[in-house]
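Letter by letter, the chains look like this.
Protein chains: 2
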Amino acid sequence: MTENFQFTLSATDGMARRGQIDTPRGEIRTPAFMPVGTAGTVKAMYPEQVRETGADIVLGNTYHLMLRPGAERVARLGGLHEFMDWQRPILTDSGGFQVMSLAKLRKLDENGVTFKSHIDGSSHSLTPERSIEIQKLLDSDIIMQLDECVSLPAEHNELERAMELSIRWAERSKKAFDNAKGRALFGIVQGGDNAVLRARSASGLTDIGFDGYAVGGLAVGEPQEVMFRVLDETTPQLPSDKPRYLMGVGKPDDLLGAVGRGIDMFDCVHPTRAGRHGHAYTRFGVVNLKNARHKDDHRPLDEASPNPTARRFSRAYLHHLVRCEEMLGAMILSQINLSYYQELMAGMRNAIENATFVQYCAAVREGWTKGDLPALD
Amino acid sequence: MTENFQFTLSATDGMARRGQIDTPRGEIRTPAFMPVGTAGTVKAMYPEQVRETGADIVLGNTYHLMLRPGAERVARLGGLHEFMDWQRPILTDSGGFQVMSLAKLRKLDENGVTFKSHIDGSSHSLTPERSIEIQKLLDSDIIMQLDECVSLPAEHNELERAMELSIRWAERSKKAFDNAKGRALFGIVQGGDNAVLRARSASGLTDIGFDGYAVGGLAVGEPQEVMFRVLDETTPQLPSDKPRYLMGVGKPDDLLGAVGRGIDMFDCVHPTRAGRHGHAYTRFGVVNLKNARHKDDHRPLDEASPNPTARRFSRAYLHHLVRCEEMLGAMILSQINLSYYQELMAGMRNAIENATFVQYCAAVREGWTKGDLPALD
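Residue numbers (UniProt numbering), protein chains in the order written: chain D, 1 to 377; chain E, 1 to 377.
Next comes chain D alone, as it looks inside the complex (with noise of 0.2 angstroms):
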């Protein structure tokens, strides 16, 4: 434990790295997932599951939290670790890319963006201060500033008007943050799929300094190579001696493929929403237990995971539930997923310790290519 945030990095394997970032709140191990937390919970899981999954940081929504139950609020409890009970790190999101997706009658100006609650329809304003101060409302270890998100594809005049604004922003939110004692900032690289606004956002940010990158505007419509190429084009331009955070991201085949383009951090819903939709992930790719084919299959997911709850149910009671809308269904399904995003992530660290990733992926790669155990007779 440190009294600051730290971060240290140990070894390189190509462009993948292995490291470490030290919070006042535990250390978080590099590549790192962080299980999304939206409404202070990881959905259909306790806290104390999320960590043994091997969870060593959860992501919470400022958009959700400001609106229910209110940041104030949450202060008042304690912050979010104390509100959750989850007791290790935690980064939350600016708030801004939740109010462009899901909140009603936005209106952006230089000065921040003002929107109708997807709950209720009541007003509130976001602004690069307001979303500062929110997040250290919530007790945030790693807060991020407020940006604007262009979903992809996009005119090039547009994603510069919103990558400058974005980097307005970075400086708003650096001064607001204030060197925030044992807490985080990181800016986020906007720019598109457009290597040249991407070099000069990195650069303006660099210019005003983070504890952390992110790469932002991405998995918003494009395909996976034009994520992989801005990557290729970006990563290269942020400091090497800090954090790089790819926002929102994604499938475990985006995850090995982001890692060996030099990234560190990641968040998703996607594995326990995934979950909650009867999919499983396992080495053998996505299993679907909605489907018949598991409803007499008295085999476990996956006999050889180092999960034992992969091991525990049978797909023909895990098919049950799913079909049921059983809640433990989504409850083990999340369980099953989370743990196989960490496996994948341990994975990888080790891989990068040896100097083994691009053997560690393509080995990853050909179990999903080769697919599910065949069907029963």
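A few of these clues could be false.
As the list claims (entries may be wrong) - Derived EDC-like pairs (lysine to aspartate or glutamate); straight-line CA-CA distance at most 16 angstroms:
| no. | chain 1 | residue 1 | chain 2 | residue 2 |
| --- | --- | --- | --- | --- |
| 1 | D | K43 | E | E326 |
| 2 | D | K295 | E | E72 |
| 3 | E | K175 | E | E155 |
| 4 | E | K251 | E | E222 |
| 5 | D | K43 | E | E325 |
| 6 | E | K295 | D | E72 |
| 7 | D | K290 | D | E233 |
| 8 | E | K181 | E | E326 |
Claimed, not checked - DEER-style ranges, computed between Cβ atoms:
| no. | chain 1 | residue 1 | chain 2 | residue 2 | range |
| --- | --- | --- | --- | --- | --- |
| 9 | E | R68 | D | F284 | 56 to 62 angstroms |
| 10 | D | H118 | E | G367 | 52 to 58 angstroms |
| 11 | E | G182 | D | L376 | 52 to 58 angstroms |
Treat the hints as calculated values from the structure; they're not laboratory data.
Just so you know, even glycine gets a beta-carbon here, dropped at the ideal spot from N, CA and C.
Since the structure of chain D is provided, determine the placement of chain E on it from the hints.
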């Protein structure tokens, strides 16, 4: 453990009885509350969490399981214990009650009942023999006879007809059960709110001879005082050396009153269903966590609860989870309610041993009457 089913009474206090049922899958301390695992899962809980609340046995619903995943399928998969990974005793009902309350286009005659599934409209039939067969396929430890349960209020003729039919079905059930080794068969007393019919039912069943006797046809619309009067009239008619099971009951106050009238076993969906609807059972009575009075309340539900989960999270957090319809809210409140029910059963068992049952019930009721903590200013 025993190879066979055995009931031992160790203490009585007034009509209240303290005992133990030994089964090949473990002992059941009585008075016992059985959480309901309708479709092969106690909703929103892992099996070990159910056990940790203090449950010795769970109930499975034959109606639900025969429709999904199907009794023959459960048997092929190793039985219900294996299917849901609950290795302790399971009691299954006969399916009759849910046929009457859930299924469509029911048709009942001397032979049994035919109906259409509420899930997909498929046709099924249930006879006393088929019900026993299904329960054996599920590998149930305690099997219930098929009976006909009539809602109250009802005409005398209707109650009498259903009661007499239930005795004939009891005979057929006994024959079909065929003294299955390591399993128990319970008969079900019917007769509505009529003491003469109840006595005739008890006598008829006792003549056939069962391992236990259930009181059915209560908690079907009548006031609590009618239920208690029927118990006063019925339990003395039942053999004292066999367990007595009050089906589908109830709320905490029903449990106190029924144990005081000689009942040994209960099942009810109420604690888990109430939990999914934001209601918590505590020594203060029922706490409605949807209520806005909790939104800023940093206090746990009950700081003196023996259940760590009831001491762990603030009322404000539980309120938040319930308002956001987060699964974790249902998970926590199901756990808290089942724990409170088991705490009550343990308290009654202890009080009967110490011949302080009346005082125990009075103290518990006094706590409920005082009600919840005063709201914070």
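So, going through the hints one by one against the coordinates:
no. : hint                                : in the structure
1   : D:K43 - E:E326                      : 7 angstroms, holds
2   : D:K295 - E:E72                      : 12 angstroms, holds
3   : E:K175 - E:E155                     : 31 angstroms, violated
4   : E:K251 - E:E222                     : 14 angstroms, holds
5   : D:K43 - E:E325                      : 10 angstroms, holds
6   : E:K295 - D:E72                      : 12 angstroms, holds
7   : D:K290 - D:E233                     : 40 angstroms, violated
8   : E:K181 - E:E326                     : 45 angstroms, violated
9   : E:R68 - D:F284: 56 to 62 angstroms  : 26 angstroms, violated
10  : D:H118 - E:G367: 52 to 58 angstroms : 42 angstroms, violated
11  : E:G182 - D:L376: 52 to 58 angstroms : 30 angstroms, violated
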